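Produce the entire structure from the sequences given, and follow the hints as far as they go.
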Amino acid sequence: DAGVIQSPRHEVTEMGQEVTLRCKPISGHNSLFWYRQTMMRGLELLIYFNNNVPIDDSGMPEDRFSAKMPNASFSTLKIQPSEPRDSAVYFCASSPTSGGPREDTQYFGPGTRLTVL
Amino acid sequence: AQKITQTQPGMFVQEKEAVTLDCTYDTSDPSYGLFWYKQPSSGEMIFLIYQGSYDQQNATEGRYSLNFQKARKSANLVISASQLGDSAMYFCAMREGRGGSYDKVIFGPGTSLSVIP
Chain A
785 DAGVIQSPRH EVTEMGQEVT LRCKPISGHN SLFWYRQTMM RGLELLIYFN
835 NNVPIDDSGM PEDRFSAKMP NASFSTLKIQ PSEPRDSAVY FCASSPTSGG
885 PREDTQYFGP GTRLTVL
Chain B
173 AQKITQTQPG MFVQEKEAVT LDCTYDTSDP SYGLFWYKQP SSGEMIFLIY
223 QGSYDQQNAT EGRYSLNFQK ARKSANLVIS ASQLGDSAMY FCAMREGRGG
273 SYDKVIFGPG TSLSVIP
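First to last, the protein sequences are chains A and B.
If you're matching positions, the first sequence starts at 785 in my numbering and goes up one per residue.
If you're matching positions, the second sequence starts at 173 in my numbering and goes up one per residue.
No lab work stands behind these hints: they were computed from the structure.
Some hints could be false.
[Stated by the list, open to error] Derived pair list, reagent style DSBU-like, types lysine-lysine, alpha-carbon separation capped at 30 Å:
id, chain 1, residue 1, chain 2, residue 2
1, B, Lys-276, A, Lys-852
2, B, Lys-175, B, Lys-276
3, A, Lys-852, B, Lys-175
4, A, Lys-808, A, Lys-852
5, B, Lys-276, B, Lys-245
6, A, Lys-862, B, Lys-276
7, A, Lys-808, B, Lys-276
8, B, Lys-242, B, Lys-175
9, B, Lys-175, B, Lys-245
10, B, Lys-276, B, Lys-242
[Said to hold, decoys possible] Across the chosen pairs, the derived CB separations fall in these ranges:
id, chain 1, residue 1, chain 2, residue 2, range
11, B, Lys-175, A, Met-824, 15 to 23 Å
12, B, Ser-203, A, Ser-811, 22 to 30 Å
13, A, Ser-811, B, Pro-181, 36 to 44 Å
14, B, Ala-190, A, Ser-850, 40 to 48 Å
15, A, Glu-798, B, Ser-200, 43 to 51 Å
16, B, Gly-257, A, Arg-869, 31 to 39 Å
17, B, Asn-230, A, Asp-840, 26 to 34 Å
18, B, Pro-289, A, Pro-868, 35 to 43 Å
19, B, Glu-233, A, Met-824, 26 to 34 Å
20, A, Gln-864, B, Pro-181, 31 to 39 Å
[What the hints assert, rightly or not] Far from chain B, some chain A residues (derived; all Cβ distances over 12 Å):
id, residue
21, Ser-791
22, Met-799
23, Ala-851
24, Lys-852
25, Pro-854
26, Asn-855
27, Gln-864
28, Glu-867
29, Pro-868
30, Leu-901
Computed from a predicted structure; not experimentally measured.
Positions of the beta carbon are idealized from the N, C-alpha and C atoms, including for glycine.
Laid out in structure tokens, this is it:
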């Protein structure tokens, strides 16, 4: 079975440019999570969706960040305009969330390493 | 307040020896789940093991076991017979609640484990 797929794996862009990160969750999983990882702040939850609906976006740093999930198999995280402090590894994770505790285990994608110059 | 504490920023262990990575957590919810993830230098986050707050026995998965001490609110990961490939960052995480679409998972700061040949 394919795991969580993220693209691109690496992105280098200049300050002010728009960046779009993409995620395909594991088929059948109905929860999707976007995380950001930096040395200073560790792993931070940005937003999560359940059945394509955003449930909690309190971790989104500011209005420059937006996320969508138009269908069960695709999500995007967009940064516009990007800034150097956005440089980080962005992870997407999905979970089955069928109600049982083990079913809530999150499975992570390989991450996108973003560098904003 | 920190919900997940990992007091060992870095650990060393001799190959083939066992090692314990500490994790303490803070919650007032009687129902919660505890997870351990491994992040090798390649960057991916790998799910290792899960322990539910109502589980009667400590979780085990191959060489990984979880030393769950509920009264002390600790969930230490034990890796037996360490291998060079175990060198990685290890994250402890907690989900509060009985599971479902509205429960967040909170990650600790991580412990870097180095296995010495």
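Hint-by-hint comparison with the structure:
1. B/Lys-276 - A/Lys-852: 19 Å, holds
2. B/Lys-175 - B/Lys-276: Roughly 12 Å separates the two Cα atoms, so the pair holds.
3. A/Lys-852 - B/Lys-175: 29 Å, holds
4. A/Lys-808 - A/Lys-852: Holds: A/Lys-808 and A/Lys-852 sit about 12 Å apart, inside 30 Å.
5. B/Lys-276 - B/Lys-245: 19 Å, holds
6. A/Lys-862 - B/Lys-276: 22 Å, holds
7. A/Lys-808 - B/Lys-276: This hinted pair holds, its Cα atoms lying about 20 Å apart.
8. B/Lys-242 - B/Lys-175: At roughly 15 Å apart (the allowed maximum being 30 Å), B/Lys-175 and B/Lys-242 satisfy the hint.
9. B/Lys-175 - B/Lys-245: Satisfied, since the Cα-Cα distance of roughly 11 Å is no more than 30 Å.
10. B/Lys-276 - B/Lys-242: At roughly 20 Å apart (the allowed maximum being 30 Å), B/Lys-242 and B/Lys-276 satisfy the hint.
11. B/Lys-175 - A/Met-824: 15 to 23 Å: 18 Å, holds
12. B/Ser-203 - A/Ser-811: 22 to 30 Å: 29 Å, holds
13. A/Ser-811 - B/Pro-181: 36 to 44 Å: With Cβ atoms ~38 Å apart, the hint holds.
14. B/Ala-190 - A/Ser-850: 40 to 48 Å: 46 Å, holds
15. A/Glu-798 - B/Ser-200: 43 to 51 Å: 46 Å, holds
16. B/Gly-257 - A/Arg-869: 31 to 39 Å: 34 Å, holds
17. B/Asn-230 - A/Asp-840: 26 to 34 Å: Once the Cβ atoms are compared, 31 Å apart, the range 26 to 34 Å for A/Asp-840 and B/Asn-230 holds.
18. B/Pro-289 - A/Pro-868: 35 to 43 Å: At 39 Å between Cβs, range holds.
19. B/Glu-233 - A/Met-824: 26 to 34 Å: With a Cβ separation near 31 Å, B/Glu-233 and A/Met-824 satisfy 26 to 34 Å, so the hint holds.
20. A/Gln-864 - B/Pro-181: 31 to 39 Å: 35 Å, holds
21. Ser-791: Holds, since 15 Å exceeds 12 Å.
22. Met-799: Since the minimum Cβ distance to chain B is about 24 Å, A/Met-799 lies beyond 12 Å and the statement holds.
23. Ala-851: 15 Å, holds
24. Lys-852: 18 Å, holds
25. Pro-854: Holds: least Cβ distance 18 Å, greater than 12 Å.
26. Asn-855: A/Asn-855 is indeed farther than 12 Å from all Cβ atoms of chain B, at 17 Å.
27. Gln-864: 25 Å, holds
28. Glu-867: Per Cβ check, A/Glu-867 is outside 12 Å of chain B; nearest 22 Å; holds.
29. Pro-868: At about 20 Å from chain B, A/Pro-868 clears the 12 Å cut-off, so the statement holds.
30. Leu-901: Nearest chain B Cβ is 20 Å from A/Leu-901, so the label holds.
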